[in-house]
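Following the hints, position chain G against chain V.
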Amino acid sequence: MLKGGYWGKILWVDLSGRKISEGTFDENFARKYLGGVGLATRIISDTVTKNTNPLGPGNVLVFATGPYQAANIASAGRCSVAAKSPLTGYWGEGNAGGHIGPELKRTGFDAVVITGRALNPVYLWINDGKAEIRDAGTFWGLDAVKTTAALKETVGDAKAAVSCIGPGGENLVRYACIANDNHGYFGRGGMGAVMGSKNLKALVIRGTLKPPVADADKLKEIYKAVLAKAKEAPFTAENSEHGQASAVVPREENGLLPIKNWTQDNWVEGAAKIGTPHYTEELQIKRWPCPACIMGCHRKITNPEYITETGGPEYETLGMIGSNLLVDDLAAIVKANDLCNIYTMDTIELGAVLAWAFECYENGLITKEDTDGVALEWGSGEALVKMTEKIAKREGIGDLMAEGLRACVDRIPGSQLYSIESMGQAVGAHDPRAFFGQTITTIASTRGACHLHGFAEAMEVGAVLPEIGITEAIDRFDATKKGYVGAIYQDIGQFWNSLTWCMFYFFSEVSLGDEVDILNAITGWDVTPAEAQKMGERIVCMQQVFNLNMGMVPEKENVMPERLTVPHKGGGAAGQVPPWQAILKEYWETKDWDNGIPSKAKLAELGLGSLEAKKALCAVARDYKD
Amino acid sequence: MKVRVKFFATLKEVFGGGEREVELGEGTNIKGLLDTLCDSSQCRQKLFDDSGRPKTHIQIMKNRLPIQSFEGISTRLEEGDVVSIIPPMFAG
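Residue numbers (this note's numbering), protein chains in the order written: chain V, 1 to 626; chain G, 1001 to 1092.
Next up, chain V with everything else stripped away, as it sits in the complex (with noise of 0.2 Å):
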């Protein structure tokens, strides 16, 4: 029996019947995949197919909150979105900040799960314990600002959440994201896109239930404790003050930043006119928490010769389409990153495919005629807004590059150096040169490439699991154990992703152990962290065996970029080159997969069957006991 942290519920929404159902899960089940994408992960490899088309009706997106927005803390104001990526055909997920997680858990529900197509655009309205699948006609073509306004007002209440698509989603660009009331992004994997194919302009969410907590009391005494070590941490108050923004300049230093599509090992004075703190006072940056968060890294831009209606550009935004394209035009990044949240893209995704473009400008395969006069420039701030509306809008060539990078070098050939990509997707602001850590999240995540899934980055820098036996951090250029490493940390995002929680509160000493401790606390369990990281890795597991069996060859695509195979001559990670064929084997060793298939003894330990057991359990499941 759930004692708290869950309802149990699931709302099923099927668009092209315009049905809607309730499912139900129990505790082993919660105790299996959590909540998050690792509810999502268990949905979604149970209804979605190698022939299910992502930008078809047969995709399902799953929106889910985990046991965390079931008790009113700071670090809890996160949700997740999943489902198969119309960027990669492999597995996609999202996951953000903003009132959604926490507004979803208080209408009686756990997750969304959304099947089937609208035949005209919809909107769905969630208000405690009820759903309603309405009319969005006259929203469809707004962007998300407008469209979160106007739903807010349609439905009477401004404390509603809403999680909406732009023109980008609209357009089905392939890494379209979602805005949670214009303040966090489901980012990668285009999540926007599937709501776009699915003519689903915004879930618009009301709750004013109060999720069940299983010991009130030890929550409150243990989180007590928790917060005021939060508090205390030096990284709180950094990340509070500065953003994310401040990690710009270190990071040209350190060699971490990409800077020319990952060519250039040094850009000093870019750097520091798009990092802090010329960032913070030429912006005149203010605090935008999620709800309950301490920290607040989110920045809000005061100034107003800056007119921008969403949040100022974050790290990732910074590095992939300030310093990997060499703009240090500040206005023109504030511009283009703003454009991004209100048409809905990926900044990440955006970035790489631009840097692609410039270099092949650079080099005579894209010229003039092919962008309607526009000069891709390295620095050019003035082609990088053109080109994000362009995309956005799929005119002219946008309409290629909002098909991602693969769509992109498939047309024009010989361009394939210049796209750097793991399965598809991006690498995020992260060169694994600087930190072999980052090797597996860039090659071996089950997203395609990301800085977060995983992020053993954070054991280079002192951020430890002592709980399950890693220690100490390694250097940044020492291979030893970085594959065992990266197995563990993907676990333990996994497992954060899952409650769902934001890992900044990590770096603020928050340790695997108190996260225990609160999951704890919530729903009556006596989970361990070493079962914690078992959790984590089930879900990694099952997200592998989706991909698997949605055609993925690891061999092929779990590989460095070659750009990211030559080490720089100069700067923070000169001469450096993570040996990522070994990373790698050790990574695939620790998993117990061979070559990147999970043997059929550890899909036993997990709980998961053998693969062709698992091939059987693809049959739609509304009630689950596990």
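Source of the hints: derived by calculation from the structure; they are not laboratory data. The reader is advised that the hints may include incorrect statements.
So the derived label-pair ranges between C-beta atoms look like this [to be verified]:
id: 1; chain 1: G; residue 1: 1001; chain 2: V; residue 2: 475; range: 42 to 52 Å
id: 2; chain 1: G; residue 1: 1041; chain 2: V; residue 2: 263; range: 56 to 66 Å
id: 3; chain 1: G; residue 1: 1041; chain 2: V; residue 2: 559; range: 44 to 54 Å
id: 4; chain 1: V; residue 1: 475; chain 2: G; residue 2: 1042; range: 47 to 57 Å
id: 5; chain 1: G; residue 1: 1041; chain 2: V; residue 2: 231; range: 14 to 24 Å
id: 6; chain 1: V; residue 1: 413; chain 2: G; residue 2: 1036; range: 56 to 66 Å
Dumping the calculated DMTMM-like pairs for lysine to aspartate or glutamate here, alpha-carbon to alpha-carbon at most 25 Å [to be verified]:
id: 7; chain 1: V; residue 1: 300; chain 2: V; residue 2: 157
id: 8; chain 1: G; residue 1: 1031; chain 2: V; residue 2: 478
id: 9; chain 1: G; residue 1: 1031; chain 2: V; residue 2: 475
Taking beta-carbon pairs under 7 Å as the criterion, some of the chain V residues facing chain G (in silico) [claimed, not checked]:
id: 10; residue: 29
id: 11; residue: 234
id: 12; residue: 238
id: 13; residue: 247
id: 14; residue: 250
id: 15; residue: 253
id: 16; residue: 254
id: 17; residue: 306
id: 18; residue: 315
id: 19; residue: 452
id: 20; residue: 461
id: 21; residue: 462
id: 22; residue: 473
id: 23; residue: 475
id: 24; residue: 574
id: 25; residue: 575
For each residue, glycine too, the CB sits at the ideal point set by N, CA and C.
Frame of chain V, contents of chain G only:
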């Protein structure tokens, strides 16, 4: 000899500014520089572990090249060298 030291992020506050010129004896290495810089327990806590070794996760560059390219913390310094010291950064 004189070397210039650049502090990044939170180390700016701890060490009282973003840059400092430091007078060192001839042949001083990176470890010696760190010892010289840490004139308080607060500073020392930032750069050294409990056993007195420089923390692995502090990133140090000499003339914008990682000290791992030379001899690590034993890398000898010369007049006019610029040493960059970066604390752990968490951003993604």
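Violated hints - listed by number, lowest first: Going through the list in order, the structure violates hints 1, 2, 4, 10 and 17 and respects the others.
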